[in-house]
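Protein chains: 2
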Amino acid sequence: MKKIKLKVPATVANMVCGFDILGMAVHDPYDEMEFRLLETPEIIIKHTDLFGLPEEPSGNVAGVVLLKMQESLNLKNGFEVIIHKHIKPGSGLGSSAASAAGAAFGANALLGNPLSKEEVVHFAMFGEELASGVRHADNIAPCIYGGITLVKSTSPMDIIPLNSPDLFVTAVHPQVEVKTSDARQILKKNITLKSAVEQWGNIAGLVAGIEKNDFSLIGRSLNDVIIEPIRSILIPKFDEIKTKSLQLGALGGGISGSGPSIFMLSEKKETAEKIAQMMQSAYDEIDIESFVYVSKINPAGIQIVEEA
Amino acid sequence: MKKIKLKVPATVANMVCGFDILGMAVHDPYDEMEFRLLETPEIIIKHTDLFGLPEEPSGNVAGVVLLKMQESLNLKNGFEVIIHKHIKPGSGLGSSAASAAGAAFGANALLGNPLSKEEVVHFAMFGEELASGVRHADNIAPCIYGGITLVKSTSPMDIIPLNSPDLFVTAVHPQVEVKTSDARQILKKNITLKSAVEQWGNIAGLVAGIEKNDFSLIGRSLNDVIIEPIRSILIPKFDEIKTKSLQLGALGGGISGSGPSIFMLSEKKETAEKIAQMMQSAYDEIDIESFVYVSKINPAGIQIVEEA
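Chains as they are written, first to last, in UniProt numbering: chain A, 1 to 308; chain B, 1 to 308.
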């Protein structure tokens, strides 16, 4: 195999009460990444999109992952990667994770899959480190494993793929900037034990609901008493959109990643689409451009769509 | 049905990282409770044990539950209950919960089961209120439902029975007094977000492990970074017993309820029994009398063993 093309999905990290531990893959939006195995140890990164991301390998999220793999695995080969990015940087939908996870997954595939999934996650995390300063796997894990993943720990690596319920995801990305660093800094360092206990009841309920395919339990558990009340202030119309989504029949939802995107889970496609319309109208009203996406939870994660 | 006899199991609340939300039923120890339906609205409580518990209904854990049921359900009947208590009061193994849950379950059975399990829990909670001042369901829920239960909320009542893994439980009850009020007061009101995130990763892992029957994951998740480091100071030899249990092959474990009992989970009966011996020896060494129990997780909870 000398050439492959990947479809790399967007991901929702910090799933409501599952702050820092639960994430899921969706179908839409997604990036496309074309890989070519080179005989020389060069790393070439090209972007066809207009986001102006750096193409110098050491400054590119995919590039640093490939450089790290080259070094650690003593590779004589190089890689050319053409990235067609559709997941907007800064959306909170795992744009940098897609590049990082795609790079590690694609290189591994071209080399004949010498690495386990956990090792692919390990290398992809260097891309997240470049993008955000933190070597986290919140988005990378669901991107690579698909479905909903629990990142119990990254050191040692302990990723648990959960069941992938047959639910629709509506995501809206309003065109406002929420810096990940601001979203981190705004959080309180200390919380009350009482609120923590409430939160872990919800997490336990959410994981049980996911594993049992109990949609009502998932809905009753999608409740974040610690992070959302603080971070949602940074996202215009968050409360209105959440309230209206629940009225329209959403099981629940919240901030995607550290925002500004908001996601909602629904049992029916019709509900998910009504929510999408409502979200767009809500931002139209205040002249904020927004992009909405409706798709199912993506049980597969990154997929090879062409190979030669 | 005019007479029944119940076997009412001990329970382990606050399952390690599942503080205030996760509990499980065991087979041993257990109480026996004999019920007789009376034509007159009298409540008669008798104890055959020597624990000196009050028999006046309004001051007895089972008695207040029956009084509350009588009042709420406008019963013309009364009940005679003979309690053979084997679960020692103050052990942290759900002794008061057994009396409370047994009373509500037994009365409901004699009346032809007009109440749902959630309603039985509701009435039993009045017994816990008398015993500890707090109307909690941490022990009552697993006692009534069996297996491992998640008490997501008691208001509104939201109890989720989880899977019941085929594991052995070793419990040791050292004869030292840990007052529930002291065990509550010693806890910090505030915790760091960082430790809370670690804790909810463990809870998510524990619930996933329970649902998937993944014993390794259960073991990796039985880790409490918030409550145990504080409360374990009240229990002599806690650290030594935990370390040695893990060395002997336990998956993990911790404080049962608010102590002083300690429990450990193991895959094999042989391991569970070795741990029991080690626990008893550890307390023998320092001249503290102790009682040890080895049984499986009890998937059924309270059982009717005789009826007439």
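One or more hints might be untrue.
Repeated chains share a single entry, so a pair holds when one copy, or any two copies, can fit it.
Subject to a maximum C-alpha distance of 25 angstroms in a straight line, what follows is the list of computed PhoX-like cross-link-like pairs (lysine-lysine) [said to hold, decoys possible]:
(1) 237 / 46
(2) 244 / 3
(3) 46 / 242
(4) 179 / 194
(5) 76 / 5
(6) 189 / 46
(7) 188 / 117
(8) 237 / 194
Read the hints as simulated data drawn from the structure, not as lab findings.
A quick look at each hint next to the structure:
With identical chains, the CA atoms of residue 237 and residue 46 are never at most 25 angstroms apart, being 37 angstroms at best within one copy and 62 angstroms at best between copies. Neither within a single protomer nor between protomers do residue 244 and residue 3 lie at most 25 angstroms apart by alpha-carbon distance, with minima of 46 angstroms and 54 angstroms respectively. Taking the shortest alpha-carbon separations for residue 46 and residue 242, neither the intra-copy value of 38 angstroms nor the inter-copy value of 55 angstroms comes in at or below 25 angstroms. Taking the closest pair of Cα atoms, residue 179 and residue 194 come within 25 angstroms of each other only across two copies (20 angstroms); inside a single copy the shortest separation is 29 angstroms, beyond that limit.
In this assembly of identical chains, the alpha carbons of residue 76 and residue 5 lie at most 25 angstroms apart only when taken from the same copy (22 angstroms versus 76 angstroms across copies). Taking identical chains as interchangeable, the C-alpha atoms of residue 189 and residue 46 are never at most 25 angstroms apart, the minima being 40 angstroms within one chain and 53 angstroms between chains. For the homomeric pair residue 188 and residue 117, neither the shortest alpha-carbon distance inside one copy (34 angstroms) nor that between copies (40 angstroms) is at most 25 angstroms. Within a single copy, residue 237 and residue 194 get their C-alpha atoms no closer than 28 angstroms, and across copies no closer than 29 angstroms, so neither meets the 25 angstroms cut-off.
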